Amino acid sequence: MFATSETLLILVILPPFISFALNGLIPDLRKNKKTSSGISILAIVISALSSIALVVINPDTDIVFEWIPLTSFSPIIFGFFIDPIVLIMFLIVSLVSLAVQVYSLDYLREESPLSFGRYYTFQSLFAFSMLGFVASLSLLQIYIFWELVGLCSYLLIGFWYTRPEASRAAVKAFWVTRFGDVGFAIGMVLLWGATGTFFLPELFIKAPEISNPFLTLSLFLIVLGAMGKSAQFPLHVWLPDAMEGPTPVSALIHAATMVVAGIYLILRLFPLFELTLDPLVFVMWIGTITALLGACLAIVQNDIKRILAYSTVSQLGYMMAALGAGGAGVAYFHLFTHAFFKSLLFLAAGSLIHSLHTSDIWSMGKLAKKTPQVTALFLIGSLALSGVFPFSGHFSKDEILMWMHVRGFTLHFIILLITAFITSFYMFRAFFVVFFGKGESTSGQEVQEVKTPWVMTLPMWILAVITIFAGFQAGNFFNFLGLRLEEVHTHLEYLPLIVSILGIALAWTFYQGRYLSSKNVAISLSPINTALEKKFWMDDVYLWAYRYVLDGLSIVCGWFDRYLVDGLVNFTAYYTKRASQKLRTIQTGHAQDYLYGIIIAILLLFFLSILSPYLSPFLNEKENSVEFSEQIIQKGLQDDDD
Amino acid sequence: MHWDNIIFFLLATGLVSTSVAAVSSKRILRSAIFLAIALLFTAFVYLLLGAELLAGIQILLYAGGVITLIIFALLISEKLGDQKLVETHHGVIPALTASLLVLFILLYFTWSSPRIESLSNSRSLSEYGVSRTLSEVLFSTWVLPLEILSVLLLAAIIGALVLARQEKTKGEEREQ
Amino acid sequence: MSLYHILFLSFLVFSIGLFGVLSRRHVVGILIGIELMFNAANLAIVGIAWSMGVLTGQIIALFGIAITAAEVAVGLALFLLVERLTNTVYADKIDTMRG
Amino acid sequence: MTTESIPILSIIVLSPLIGAFLLIIQPEKWHMQIKLTALLFSIVSLLGSIFIYIFYDQTAGGFQFIEQIPIVKNLGVSYYLAADGISITLVLLTAIILITGLFASWKMPFRSKEFYILLLLLTTGVFGVFVSFDLFLFFLFYELSVLPMYLLIGIWGTSAKVTPKGIFANAIKMTGLGSKEYGAMKLTLYLLLGSAFILVGFFGLYIFSGLHTFNYTALEEVTLNKGTQNWLLILFYIGFGTLAGVWPIHTWSPDGHAAAPTAVSMMHAGVLMKLGAYGIIRIGMGLLPDAAETLAPLIGTVAVINIVYGAFGAMWQRDLKYVVAYSSVSHMGIVLLGAATLNEMGLNGAIFQMFSHGIMTALLFALVGLIYEKAHSREILKMGGFAKSMPGIATFFLIGALTSLGLPGLSGFVAEILVFLGAWKSPLSWWLIPAVLGAFITAVYVLRVAKWIFFGPKKNSTPLKDAIGYEWIAPTVLSAILIVLGVYPKLLLDPISTSIVEFLGKFVK
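Residue numbers (the working numbering), protein chains in the order written: chain A, 37 to 678; chain B, 642 to 817; chain C, 65 to 163; chain D, 3 to 511.
Wrong hints could be hidden among the right ones.
The calculated DSSO-like cross-link candidates involving lysine-lysine, where the alpha carbons are at most 30 angstroms apart (straight line), are [to be verified]:
(1) D:LYS453 with D:LYS37
(2) A:LYS69 with D:LYS453
(3) A:LYS242 with D:LYS492
(4) C:LYS157 with A:LYS618
(5) D:LYS390 with A:LYS69
(6) D:LYS175 with A:LYS618
Keep in mind the hints are simulated off the structure, nothing from the lab. Keep in mind that this is a model prediction, so the values were computed, not measured.
All chains, full assembly: derive it from the sequences and hints.
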């Protein structure tokens, strides 16, 4: 039994890596669409099946090996392990990956074989990194996989690298998350410095000994990393731009899996966070602010993917807030449901974009009749996101809100409630405009037909089914985690649902019923509208920081180096040259003058020898060296006598 | 005062005075002649020091050969350049200062060195035939340097020939 | 007569030679000075050898004389060449080595 | 046959020298034969390096493969070659870079014979420095490795344009900044100045130790008084630091690297800069442990400046070779920071970084050479969208760039994290913060450069081609090493760690 669970663990993590290696190393495989995608999908199928098997067995196992040998400190150990949290993440990652990879078969149909192969190579690498990240048993190992998923995100955002926006977005995503990782890296090293280990179980045992301000500091720094990866305010700016990548990538990486890595990290390190509360309070505030901010920004977006991206930011904010309030379980449940319904939404949006070649919601419209299937799928996703019963989002979001309410974080509760209202508003704004709108596209073209082959719809339907039924499994979910679902009965129990429905109604009034004109409202609230459209100037702040801080410092350093440090060198060189031109005139060319030079040298030597007793402190070996020369002379004389 | 001391002082006086004459004479030919005499005096000093062979060679090679060479060269150059061999000095005072300084340094080291003292108890070499021993040593222990020296002399001859060669060869002064 | 006397004599001649080398203008005059210095050096070597009772000094002096002969031959050849090329016999007129 | 009976280190060191002599007697016209001769003798060295890597007995540790023949007994000079884990790592690095460098400069347009002769001579010097444990011999090899650089850059180099500005504009204009002759001259003068300091240091050791020997192991036993040690260490630090690119005496390195031909850049940034760091660690810290402890704060702080300053400097550059060259300055800072921590992680990291950075920078220079060959430009802003036409080069460049920014899974990360850990455990733990920030700045400029060159729409219309045939050898081999070491660092860390632990025995802790 023990051996099998270990094998299964390896079977979860390793197949994507093998697929990556095969595709990466053998160009012939990569250049063929069938082999590259086939290998990748086969690998992720094995992972998914093994994950399901593991969930069924629910074993407790680990694999440990030494990575860096050290003698004066304990060596750095790596390992993979399984516990319920890991298993659920395994399930999410492998299932969504599978869905997305199958979906991509059609989505990327028009790509050249080479970039198609590249896509699947990166997908495999991502699946491997994410699964490895989830099961990591060492903080350093977590960091390694953390960066690797970041790399995959970079590579996949920049998948269409010839588009300047895509390459810019890729680099931006990498930079911003990397900035957070600076904090993570330092925090990690600090924790290591205090405990001498990266190994999580050992770390948890030793952590209570760490003095408190120090632990708080390290955890703050680690939270910085989590904020970068999970797109929390103020490091959320990369996620909307990341939508430049192919939509399946957004569904997988920027909705379901990678962006929740930050939440997962905090969850994983929860035993540490429980020791000191300040970072958690910080996390809660950040989460709450992000949730509201993301939702507000989503209202004014016209790009369907960006709406979804901001909604991801907002939902991640929910999770963070819940984590900060101590509700690790509810946060995780929301992560679980969100992964499925958000990827469903992305994939549905993707199938529209794929057919219509635009992502502007105003260019779409009247799609409900053309593609009822996608409409239904999108509706399921939207309802789930808005938190309407009986979809999974309702249960998880309800749990979070109730948790906040019961724990007495009333202010946060109210903000999150407002956010829920805005969420359903912007979601249904998009829904009504896209599927029932008039298609006010600027080009004026009639909306084309939406083609959805089964490779696209099947993954979506699977996700939709999960979305519909996952909510009812809350009890099982918490049991599986070893937690107890808190049955809360207060008078506010139905408030979130009411708020959501109100939001939908408002969206209907504006965009379907057209009883209110959104333009008039925008004009009357123009300062707010401007602020929203400018994304609260966050991007500008970053651009400013990039241009004037980083580039500015680089100009200072570069200029200093080139023209001052190096200038000084050249200055010395130049004046040496000039001085030599002056100095060479003392070479008169008269042989006798040189002889005077020799005599002066003799004089100098003479004075040196006279002064040598006074210089002896510097040459304390003088006697020694004299003896040495004596010896040589004596030896010479002896030879002579022979 | 021993008799060889008297001879030494006489020789020394002669050597110094002819040397002074050699460097200070206005006419370069005369300088050459004085140099020859100075070299002869040195040869006698060598005799006094028991170096008979060396004295002989000094007279033959130095006073004879070298001086002849110099005088020949001077005469040739006078013919060539049509210049009077009147010699003037320049920078006498710095030259004098420098030479006196060097003299002082040399003397300082000599008189402050304990080694010279230890060496200055003179030993006579008259127990054995100096010239004979010298020749034997020269052609046994020192034969390699001797051969190298002969190669050097050959090289010097060829070098001198090449350097001084003219359209009309005037190499007859090379006797070495 | 002791080593000191010989050395003193040698140094005196050496200094006189040096004076000649430094102050004479004629190239051959310089050469004559050099010869005096050589001679003085030889004298010192022979004197030291004499006072130590070893033969090596004489051999060195012998070699010195031979080398001097070579040097004079080359030096005079150079003198003739220089004189022919620059048409002067004065050392202070020759400054092609100037920096 | 036992491993002791073969003079394996001599074979490694002298094989390129013999190759160079054989090249001298070959006619200029036999291009192929010249190349093959150079390659053959490099392969002999590589095989020797692999041999010592495999046969180094880690349980025994210490110096192995010892060859000791006295040369000048009276002065204590001997032909003393030996190797420990550190030397083995660096010898292996040198051999790898020599071979890949030969392939990277396979098409030498003119005077190829002299080029290979000088390159092989240089390599002999480098090998020699890493395995000689007699200071006299060490210095001999050191000079041998520095001097051919002048000709290699001056003859086969390429010039860049630099506009003179600032208060020293006049001087800059007069000295001719940017040209290959300038680069060669600057490099040589700097390095010779450095070696003057080293020579003084060596004589200082020779005299103050009172042993009158140049033997490393003998000198190791002596404990000098603290003041003397400090002065000697400062001499070594300045001397070797010049070669290691220590701020502010690093400015020769960007100019030199940018002017040098591909193989020479690879060799120089990849190996020669390591020579300086190796000298500081082996001679400076190894022979003067007390001073090392006293001066470690200084060395580490300067190293931190190197990291951040070098990264910003690289960010400012718009010439591809200068970017890579400045990134070397920044990464050498990590090596020296690791050395200054004087603990196991730091020093392991420093040595590992030497290897990793050597391979990485060689990879980048090889690729820059390829790009230059294809696009005839090094101006970053004039390039764009190259990934479409040269996907292979883009991939390898990205691997190099990601190693440079310390991405896990590639060897740079292992080195950096070890140095970070070491820095935190060192007396001045604040070093950690600028070091990590340096890695972030590296990420900024390195990815930016990759974006400018490879991504976005195609900028110039000239048809570009991906690398072909033998051109793949250098990037493939070097990238493979980066990845393998990133995944499984124990391959190198085992021998390094063995020697580092012994090395650290000198320090009072």
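For the pair supplied as a hint, C:LYS157 and A:LYS618, is the alpha-carbon distance within the 30 angstroms limit?
Status holds; Cα separation ~22 angstroms.
Within a Cα-Cα threshold of 30 angstroms, do A:LYS242 and D:LYS492 meet the stated pairing?
The given pair, whose Cα atoms are some 27 angstroms apart, holds under the 30 angstroms limit.
Within a Cα-Cα threshold of 30 angstroms, do D:LYS175 and A:LYS618 meet the stated pairing?
Holds, at about 20 angstroms.
Proposed proximity, D:LYS37 with D:LYS453 (alpha carbon, max 30 angstroms):
With Cα atoms ~36 angstroms apart, D:LYS453 and D:LYS37 exceed 30 angstroms; violated.
For a C-alpha distance cap of 30 angstroms, please report whether D:LYS390 and A:LYS69 respect it.
OK: D:LYS390 and A:LYS69 at ~19 angstroms, within 30 angstroms.
30 angstroms Cα cutoff - pair A:LYS69, D:LYS453
holds, 27 angstroms
Comparing the model with each earlier hint shows a violation of hint 1 alone; every other hint is respected.
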